[in-house]
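Q: Here are the chains, one letter per residue:
Number of protein chains: 2
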Amino acid sequence: MKQELRFERSEFTHRLDAVKKEMKARSLDVLLLSEPSNANYLTGYDAYSFYVPQMVVVALNHNEPVWIGRGQDGISASMTTYLSKNNIRPFPDVFVQSALSPYDFVAEIVKEICGERVRIGVEMGGYYYSARAHADLLKALPRASFTDADLLVNWIRLVKSPAEIALMREAGQIADAMMYRAIEIAAPGVRECDVAAAVYHQMMAGTPAFGGSYTCSPIYLCVGEKAIAPHAAWSDDPLEERTVVNLELFGNRHRYQVNLARTICIGSPSQKYQKLADVVVESLEAGLDAVIPGKTAEQVHAAFARNLAKHGYEKDSRLGYSLGLGYPPAVGEKTVSLRKGDQTVLRPGMCFHMMSGLWLENEGITITQPFVVTETGYEALTKIPRQLFIK
Amino acid sequence: MKQELRFERSEFTHRLDAVKKEMKARSLDVLLLSEPSNANYLTGYDAYSFYVPQMVVVALNHNEPVWIGRGQDGISASMTTYLSKNNIRPFPDVFVQSALSPYDFVAEIVKEICGERVRIGVEMGGYYYSARAHADLLKALPRASFTDADLLVNWIRLVKSPAEIALMREAGQIADAMMYRAIEIAAPGVRECDVAAAVYHQMMAGTPAFGGSYTCSPIYLCVGEKAIAPHAAWSDDPLEERTVVNLELFGNRHRYQVNLARTICIGSPSQKYQKLADVVVESLEAGLDAVIPGKTAEQVHAAFARNLAKHGYEKDSRLGYSLGLGYPPAVGEKTVSLRKGDQTVLRPGMCFHMMSGLWLENEGITITQPFVVTETGYEALTKIPRQLFIK
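So the sequences go chain by chain: A and B.
Residue 1 is where the first sequence starts when you use UniProt numbering, and the numbers rise one by one after that.
Residue 1 is where the second sequence starts when you use UniProt numbering, and the numbers rise one by one after that.
Heads up, some of the hints might be wrong.
Where chains are identical, the list cannot tell them apart; a pair therefore holds if satisfied intra-copy or between any two copies.
Calculated cross-link-like contacts (lysine to any residue; reagent style SDA-like; alpha-carbon spacing at most 20 angstroms) [claimed, not checked]: (1) 2 - 74; (2) 275 - 86; (3) 275 - 224; (4) 85 - 348; (5) 310 - 176.
Calculated directly from the structure, the hints in this document are not laboratory data.
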């Protein structure tokens with residue numbers, strides 16, 4: 001059978017050890033992981049199957065994690081993880097969107113491995129841990145105690161290994177290729193959806209050396225009046241002679257994702273707008289220069305905000321977020337934010353998207369920079385110049 | 001400001017009336033909708049912003065729904081909904097991924113509109129209603145009573161209006177164009193990721209008359225040994241001289257989605273495999289012939305299963321599901337399944353994907369048909385022949 005394990009076996013062991021150590025520190029016997037990125041991180045599991053209930057069980061008294069998911073996806077568990085056969089536990093299709101709860105199936109496996117009086121950590125804020133999932137598990141495991149262990153694995157994922165950073169660099173190369181393709185194709189008369197088409201083509205085609213994959217969010221292609229909306233859908237209107245295209249896109253390599261945004265002006269921008277671009281780029285550089293191991297997330301934000309304020313602007317959303325391995329609906333690790341109050345100390349191997357986009361009342365501009373923290377500062381994960389592009 | 005309302009104002013009124021009627025029948029004062037498809041259905045709201053907490057509040061004592069979401073997305077609410085300004089209630093960015101709960105913000109609005117002693121329906125099984133969301137709301141609204149109203153709106157969405165069916169037909173045209181493009185490009189030596197790239201290009205480019213949009217799931221391009229896995233990720237390996245490509249793809253028009261799968265054989269298939277394809281197509285036709293208003297979902301399944309059994313095969317996953325308006329991570333409405341035990345009576349305007357894919361021990365095959373139930377039978381939403389394609 002085809003095997004597609006993306007990392008050395010020893011790297012998975014290292015990750016699992018770190019998680020078990022944290023479980024011990026929090027007095028947890030069992031961790032039930034519903035987030036597909038955390039499941040992937042600990043087992044390698046990769047398939048788009050998490051829209052039906054799916055979990056990875058980590059138990060202190062059990063060597064390997066246990067994958068639980070839909071019957072027909074067990075084959076992907078065999079192909080993409082290192083788990084032994086008895087730790088791949090698919091449930092029959094009768095549990096899918098029916099009156100039966102797949103969480104009863106999960107509960108039986110927890111009981112089998114660890115018994116009933118266990119301390120269980122769950123991801124209370126996870127996208128794939130619904131209110132009902134929790135209610136069903138509470139009911140099925142009445143003797144267990146439940147604790148919120150949301151983001152436990154996310155915090156361990158924060159510092160990337162050299163092998164992970166290598167994938168981030170590849171994802172960055174794809175993001176660059178996508179942005180250059182967009183700049184190439186964007187022109188008056190071209191439909192917005194055709195710009196999107198070209199960008200998506202590049203997303204998957206990647207580079208001649210390696211291909212890309214689907215991303216955690218759709219690209220954001222916000223044109224003209226919609227340039228002040230960060231998450232709008234594109235249309236099939238043709239681009240006008242003079243307009244602004246705010247494009248945020250994502251390069252993805254084996255689920256590792258790099259986010260990048262640029263503004264493309266169709267026709268010459270006004271002097272005022274060019275000035276705004278200069279301010280954003282200058283502030284972005286000021287923020288990046290503050291990226292030094294040992295400094296805090298809020299210090300990076302402060303450096304950016306200070307420079308922006310000098311020119312009379314303010315950004316009311318956070319300046320950025322950590323990112324790496326992800327699945328829809330979002331790549332953000334929900335751990336560190338580059339903003340006031342976040343005192344996380346930067347360490348080499350952390351990856352961020354400095355999301356220096358500004359959405360003002362009448363105009364929006366998005367020139368951003370993904371980066372990895374190095375021993376001495378930062379390494380940009382994309383190479384495209386930090387500037388306004390004019391067509 | 002740009003306005004992008006996709007349906008007549010009267011259609012939204014009609015939808016809201018149907019939901020309020022059902023709320024009355026269930027003695028609910030308030031419905032808190034977390035599913036983006038349900039929010040879109042009732043207000044028109046369309047932006048990829050639901051990865052942060054976002055809700056639409058429907059209150060019996062309040063004329064319009066109320067949109068609550070992130071500050072920077074309020075602009076999309078103004079652009080894509082019919083809601084009046086005071087029913088668009090964005091929260092500040094400090095609520096995003098921080099110690100503050102956006103559900104406290106939601107609770108304050110519920111109290112303001114309806115008071116504290118209210119009966120609230122929530123979507124317990126929703127992708128965007130986490131265990132923590134529910135816990136936070138319970139805490140913030142201690143005098144309210146909570147009821148599971150999951151799928152309340154989904155069931156109302158089940159029968160599509162003529163305007164919705166028109167969008168489904170357009171989505172079907174995009175799906176057809178995507179599949180033809182895949183068949184055109186798939187050949188020995190072409191990388192799997194380049195087939196994906198061509199298909200995604202078509203997904204967004206749509207047709208000359210109208211463009212497409214991002215879909216609720218990535219396409220499934222499962223090649224060779226992975227043809228037995230329904231939800232595997234593609235690779236960047238080149239296609240071999242003789243191999244099987246199982247491709248499930250999705251056409252999307254203004255969030256209305258049509259699912260379609262075909263198997264493409266690179267090189268001549270074995271006689272045995274061609275025979276399997278004939279069996280699947282014959283069974284699919286038998287299933288489709290059973291689609292008649294007044295019949296039940298399980299009768300459709302039975303017609304398919306009977307034919308399949310005649311040839312000694314069995315499909316252990318359900319035969320299909322209702323679909324229509326959707327967002328990631330999945331388009332399925334989680335209402336009707338074409339399978340044994342589902343006694344839902346078919347009515348004109350319901351849309352399904354007959355997912356007649358078979359994943360056997362050593363081979364997989366996917367030849368399927370999306371359709372809308374008509375007054376007398378069904379209308380196929382895609383036109384591509386139901387057959388094996390051989391390259």
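Q: Within a copy, between copies, both or neither: which one fits residue 310 and residue 176 at a CA-CA cutoff of 20 angstroms?
A: Neither. Shortest intra-copy (31 angstroms) and inter-copy (54 angstroms) distances fail the 20 angstroms Cα cut-off.
Q: Indicate which option fits the pair residue 275, residue 224 if close means a Cα-Cα distance not exceeding 20 angstroms: within, between, both or neither.
A: The answer is within: 18 angstroms in one copy meets 20 angstroms, while 54 angstroms across copies does not.
Q: For residue 85 and residue 348, with the copy left unspecified, which applies at a CA distance of at most 20 angstroms: within, between, both, or neither?
A: Intra 37 angstroms, inter 46 angstroms, cutoff 20 angstroms: neither.
Q: Is the C-alpha distance from residue 2 to residue 74 at most 20 angstroms within one copy, between copies, in both cases, or in neither?
A: Within one copy, since 14 angstroms is at most 20 angstroms while 47 angstroms is not.
Q: Could you figure out if residue 275 and residue 86 sit no more than 20 angstroms apart (CA to CA) within one copy, between two copies, both or neither?
A: So residue 275 and residue 86 fail the 20 angstroms test inside a copy (62 angstroms) and across (35 angstroms) alike.
In this structure, the hints that do not hold are numbers 2, 4 and 5, in rising order.
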